[in-house]
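Number of protein chains: 2
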Amino acid sequence: MAVQIRKLDSSAPDFKKTLDALLAFEAETDDAIESSVAKILAEVKKRGDAAVLEYTNRFDRIPNGGAASMAAFDVGQAELDEALAALPEAQRAALQVAAERIRVFHERQKQELNGFTFTEADGTVLGQRVTPLDRVGIYVPGGKATYPSSVLMNAIPAKVAGVQEIVMVVPTPDGLKNQMVLAAAAIAGVDRVITIGGAQAVGALAYGTETIPAVDKIVGPGNAYVAAAKRRVFGTVGIDMIAGPSEILVLCDGTTDPDWVAMDLFSQAEHDELAQSILLCPDADYIAQVEASIHKLLPGMTRRETIITSLGDRGALVKVRDMEEACEIANTIAAEHLEISAEEPLKWADQIRHAGAMFLGRFSSESLGDYCCGPNHVLPTSRTARFSSPLGVYDFQKRSSIIQVSEAGAQTLGKIAAELAYGEGLQAHARSAELRIKS
Amino acid sequence: MAVQIRKLDSSAPDFKKTLDALLAFEAETDDAIESSVAKILAEVKKRGDAAVLEYTNRFDRIPNGGAASMAAFDVGQAELDEALAALPEAQRAALQVAAERIRVFHERQKQELNGFTFTEADGTVLGQRVTPLDRVGIYVPGGKATYPSSVLMNAIPAKVAGVQEIVMVVPTPDGLKNQMVLAAAAIAGVDRVITIGGAQAVGALAYGTETIPAVDKIVGPGNAYVAAAKRRVFGTVGIDMIAGPSEILVLCDGTTDPDWVAMDLFSQAEHDELAQSILLCPDADYIAQVEASIHKLLPGMTRRETIITSLGDRGALVKVRDMEEACEIANTIAAEHLEISAEEPLKWADQIRHAGAMFLGRFSSESLGDYCCGPNHVLPTSRTARFSSPLGVYDFQKRSSIIQVSEAGAQTLGKIAAELAYGEGLQAHARSAELRIKS
Chain A
1 MAVQIRKLDS SAPDFKKTLD ALLAFEAETD DAIESSVAKI LAEVKKRGDA AVLEYTNRFD
61 RIPNGGAASM AAFDVGQAEL DEALAALPEA QRAALQVAAE RIRVFHERQK QELNGFTFTE
121 ADGTVLGQRV TPLDRVGIYV PGGKATYPSS VLMNAIPAKV AGVQEIVMVV PTPDGLKNQM
181 VLAAAAIAGV DRVITIGGAQ AVGALAYGTE TIPAVDKIVG PGNAYVAAAK RRVFGTVGID
241 MIAGPSEILV LCDGTTDPDW VAMDLFSQAE HDELAQSILL CPDADYIAQV EASIHKLLPG
301 MTRRETIITS LGDRGALVKV RDMEEACEIA NTIAAEHLEI SAEEPLKWAD QIRHAGAMFL
361 GRFSSESLGD YCCGPNHVLP TSRTARFSSP LGVYDFQKRS SIIQVSEAGA QTLGKIAAEL
421 AYGEGLQAHA RSAELRIKS
Chain B
1 MAVQIRKLDS SAPDFKKTLD ALLAFEAETD DAIESSVAKI LAEVKKRGDA AVLEYTNRFD
61 RIPNGGAASM AAFDVGQAEL DEALAALPEA QRAALQVAAE RIRVFHERQK QELNGFTFTE
121 ADGTVLGQRV TPLDRVGIYV PGGKATYPSS VLMNAIPAKV AGVQEIVMVV PTPDGLKNQM
181 VLAAAAIAGV DRVITIGGAQ AVGALAYGTE TIPAVDKIVG PGNAYVAAAK RRVFGTVGID
241 MIAGPSEILV LCDGTTDPDW VAMDLFSQAE HDELAQSILL CPDADYIAQV EASIHKLLPG
301 MTRRETIITS LGDRGALVKV RDMEEACEIA NTIAAEHLEI SAEEPLKWAD QIRHAGAMFL
361 GRFSSESLGD YCCGPNHVLP TSRTARFSSP LGVYDFQKRS SIIQVSEAGA QTLGKIAAEL
421 AYGEGLQAHA RSAELRIKS
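Chains as they are written, first to last, in this note's numbering: chain A, 1 to 439; chain B, 1 to 439.
Since the hints were made in silico from the structure, they are not lab data. This list has only true hints and no planted wrong ones.
Given that identical chains are not distinguished, each listed pair holds provided it fits within a single copy or across any two copies.
Mimicking DSS-like on lysine-lysine, the simulated pairs with C-alpha atoms at most 27 angstroms apart in a straight line are:
id, residue 1, residue 2
1, K16, K319
2, K319, K347
3, K46, K16
4, K17, K45
5, K17, K46
6, K17, K7
7, K415, K296
8, K296, K7
9, K415, K438
10, K296, K438
11, K319, K17
12, K45, K16
13, K7, K319
Could you build all of it, start to finish, from the sequences and the hints given here?
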């Protein structure tokens, strides 16, 4: 059982084409999923709790013939607290430290956005207010890919932003609750936990039901049904990005222990078979050492089958001309996670325009950032770091413009507005401005 | 030809239900448009310029048998400058003053977001960088609803953000160019203007062609085909919100000249038949005065047919208990444009949580903000101000997290990360952290 990871050279004539093909990822739209989700959402919108209850009992195989009412899916605060208290001490402490660090970082983020006003010479006041969303829904997947760290990363920024009510939904296939997820909800200060999932949970959060309040935004990862449902309710509520497979790009100058780099590539590859791990390095000998480390370390990995598939299908070790070229390629890739494992990481970081998160220096492994450095681990994937940002406090706030025109301001601005409004054929706009002008 | 505008009373038992029905707006998905757009995008992706040329010649009825090559659609800088020079002096001056005010406001917005770094006791550095998008596409509609003010409102924030290249597309049905739009592009500093439109222009911007570079984000309003195309390319590129019909909500304490309020309601209603104009006021006599002004002023309006339809179908004059209740209702409506036409506008503004833009005091007519106050006129519609913001500099910037863990930091953070990673069953994550811990 060996991994075949492709080796590329940036000086090869077909390199750009090969790289483009390697990066290409298109989430397929599945017609069956789309029509199923459309139906589920319509039913939830129309029948509320009754539909959510039916779907949940069926899809999540709730035991004992299913729940009799929605009340069965509410997890009380006491149960959350118990889950936290029952965790092994080391795990509880780790979650708590991680949560605190995430909170501190996001508090800093909040300080950036305070809004402003300024007053012009004629007394006109202009500005911008920043306010939190009222109520947010957080989707947490159930089953095998259940990550308590995601609960912290989604809920804490909302809390810091000042969101008044956070409603978390998490499905419990076969009625089984993940205690670490409940504990994380307790730590993050989630206001309400409901054990429902799938498109029906997304619909309940978007439209509201008799027992579930409609939220203003839904965030958090989910399977294809959840992603399709989020796309469909977008507009009724806000949503975060629909995430693609996770990626790591390592820029290395050849001075880091090759075992460390190999393990960093594994740490992404173990996520799932579509995950992408790429190394860029100007040193061919070093690349050979990393490859040797990969083969050496692989047998000890518990998720080696996933690693073999993702490294084989979507991974690459790329020999580049120099670190400058590595930075150029990194800007094209616009990676979710970018490690700059080098002697002078800041020098190279200054040449990077697009990356979800940059991990600078050889001690900054991505896994530290995934859990406990403080910055968010929800990051733009599939080259979307060209135009989007990590999940943050700003995703739970919005701005309103403030325009308070003085009587003097209305005289000068009114003439300009009227001129432009007539130019656009909008007479009522022009007249509305002109009425405020003294004759 | 008289307008029938509904009059509601917030104390009526069915008021909430009536209001909900009045606010309800769902953009219909048209299957014919969807499949047509899917085909156009696929062709543009596959055949590039050839497809764009064919579609443009056909859909825009380009004269003389159509353009022979894409080069015919490029508008050079000289032509933009000429359009500006040829404008009537008052119009040119108005556009220039408006542009300068928009620039000043958005410069202030830019100052809010500088990024940050902070260093922890063990030398670990955490932070956030803010960088502009590389290249942005601006869609400007052609034909009857062509607004030069929109060129300014979309292009200037991108320019202020530091976007290197702004590519504007604007269709020219029958080959006719709108000179005021070209002049606005010259003022805003648009880098390239291409006279193409529709789904084919959105596809060209998203995927790139032989002559058109792929952009990172597409903003700007368009018809149903453009909206459908933007939804479909979202993910490959960023997009702004898909706007619904425009809305104004006026909160008035009954002290403003009723003609002013009537004209403000008209100024929204004249946009299109789906536009929404609502007045909330605690004074029944004043509402009657506004209604009288509506009937008095209507015959003089050039777009009165549109006004009659939109006020009749979607408008309302609402008697509320008091201004406090008006603010509560305003928070439910989360209007795109909220005028607080009252003696103490700030007192009421402080009770507003959700609005795209707030126009405070009776001299602040929405039309001033539409053109030249400075804040953006691209605002969240259809209650989306609950979770989204005016278009701004921040829409043309994105953030990257910075994580530089010191050797000492890796010792403490590594243990926490490993504990949590093992808890989530991600062994390579744990090992990647542990390798950095000194034994």
